[in-house]
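Asker: Model the placement of chain B on the given structure of chain S, informed by the hints.
Number of protein chains: 2
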Amino acid sequence: MAVVLDAMGGDKAPHLIVEGAIQAADLGMKIHLVGISEKIEPLAKSHKNISIVHASDVVGMCDSPSSVLRKKKESSIAVGVRLAKELKIPFVSAGNTGACMAAALFTFGRISGIKRPPIASIFPQTTSGSCIVLDVGANVDCDVENLLQFALLGVCYAQTVLGLESPRVGLLSNGQEDKKGNILTLEANQALRESSLNFIGNVEGFDVLSGNCDVVVCDGFVGNVLLKTAEGILKLTRSLVKKSLSAKSLPSEDFSRFIQEMSIFDPYKPIHCGAPLLGIKGHCSIVHGGADAKTILGACISAEQFGQSKILAKIQETIQG
Amino acid sequence: MAVVLDAMGGDKAPHLIVEGAIQAADLGMKIHLVGISEKIEPLAKSHKNISIVHASDVVGMCDSPSSVLRKKKESSIAVGVRLAKELKIPFVSAGNTGACMAAALFTFGRISGIKRPPIASIFPQTTSGSCIVLDVGANVDCDVENLLQFALLGVCYAQTVLGLESPRVGLLSNGQEDKKGNILTLEANQALRESSLNFIGNVEGFDVLSGNCDVVVCDGFVGNVLLKTAEGILKLTRSLVKKSLSAKSLPSEDFSRFIQEMSIFDPYKPIHCGAPLLGIKGHCSIVHGGADAKTILGACISAEQFGQSKILAKIQETIQG
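Just so you know, the sequences run in chain order S and B. Under this note's numbering, the first sequence has 81 at position 81, and the numbering climbs by one with no breaks. Under this note's numbering, the second sequence has 216 at position 216, and the numbering climbs by one with no breaks.
Where hints are given, some of them may not hold.
To be verified - A few chain B residues facing chain S, derived, Cβ under 10 Å: (1) Pro42; (2) Lys45; (3) His47; (4) Ser51; (5) Asp141; (6) Gly175; (7) Lys179; (8) Leu209; (9) Gly220; (10) Val222.
If you are wondering where the hints come from, they were derived from the structure by calculation, not from laboratory data. Cβ atoms here follow ideal geometry from the backbone N, Cα and C, with glycine treated the same way.
The following block holds chain S by itself, in its conformation from the complex (with noise of 0.2 Å):
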């Protein structure tokens, strides 16, 4: 029940990673908080639950990746991931996306046989499942070995994480017609025909919302466009809907349908908080750079599960096989 939690990543670090924290403190959770101590210590009082751990750089939003690894070794990222790496335990992370990705590349190192490690996020479904999407962003350029290994990478999250038995594999394409595709994906689909996976052919972008699959594969420049295009909407719509209407002002009946309607969109549901990297030995979770606390508290329940589920032993099993 222990996580690293980096306080200096994300627009409104450190105050609000920090209120995060102690809201997952308070659950009974362990937080290890790394950061610059004199800013975090002020707002994280002593909290029996909370340890701080100082590191003296801050790798900014605008920082190259490899500054982590360079100039930046004693940045809050490299100081955590080395921590988590060291107790075993997941790192949580709203900083600079690239960063994260290099200072877990490097210390946790790859699962041996992965190519190229890619996040996942995890989306809520209307059906009120989840809809694991990968890569959505470490790697803009794939080819079909990549696509492929995303697509055992999703499964094997969906079987250890997610419970589900024989998770159904959709390749996001321009249509679902086994002949819609790109050069990239129509390759990429026959090969996901000839594999072992459970594949139920080409998808399109709402079907990661619809219920339909369980794991959408896709390159990450691709998916990060999907990614941000959802969030975006569903960010937009939700404030619309705040905006026009008072809760007071409605039948309470009504107002809880429609609360209830709309919950299965919940941002704070812990496992839309954060996206893991997978395919490293080891457990890094990245989250969106705007967080705020609630967010920064769901992402620590979600990498905690993560960290404690057998996805990394099924990955091996599963690429070495």
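Answerer: Frame of chain S, contents of chain B only:
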């Protein structure tokens, strides 16, 4: 004030297509309805603004695009596009997109200098403007030259149809920074920076709706994923809202405020009902296969505006100039 309308294209053809045609004709538009006359005559009855043009064949949604040029020369799409060329008016279809494109390319021909005509989709924006996204599906594998031409075509559209003087052009990528992107977009970013266009840099999925730019450039694979994701989520949230709130139980003030807020996403605004194929020597507007009568009406209105604009001359001047 006239268009050629494919009566046989779309999931709900011919009845909802004809219904849309009647609505347009009632507004004074002249509609040339093309299809199997014995099927459409009983539906259209005798409307003074509707003329029925018989076409003995139909292109199915699963037919290959090239079928329209070989086996199905007497299909409603092939006959309709030939008629539109002859009458110098726009062609509108909710049928097989690939077949529409093939027929339009073959019959109208490309404007000299245009390599790959893209399909442009016009997205609503939160700022009540519109954003042109292209390509949304015509060309799934693109090079830098293609993307540059899409930018030019989008600007021509924004200037002549939307009346914008200096449209802001964004390049769809996985981050706003110039160094974010895949091989294609990194190169395209540089080329757009060196162009004379009002290039605002990389944009992300949600910027299509946010009002930050007027023209968003991407390859047809990514654009199609974006389009279908956005459409699906907007449709879903609308139905969730509708399902959970019944108009009569809401204080009327709240309800009308809500409807107003959501109306920026009105899918029936004519400009959002049809997606023009740009760069051909004619007008071809592609409508969603699931189109209902109101969408067909909107598509006829926007196609007609498109036909009366000076876009063809503007494109010719821009590309050849």
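Asker: Of all the hints numbered above, which does this structure not satisfy? Sort the numbers upward.
Answerer: 1, 2, 3, 4
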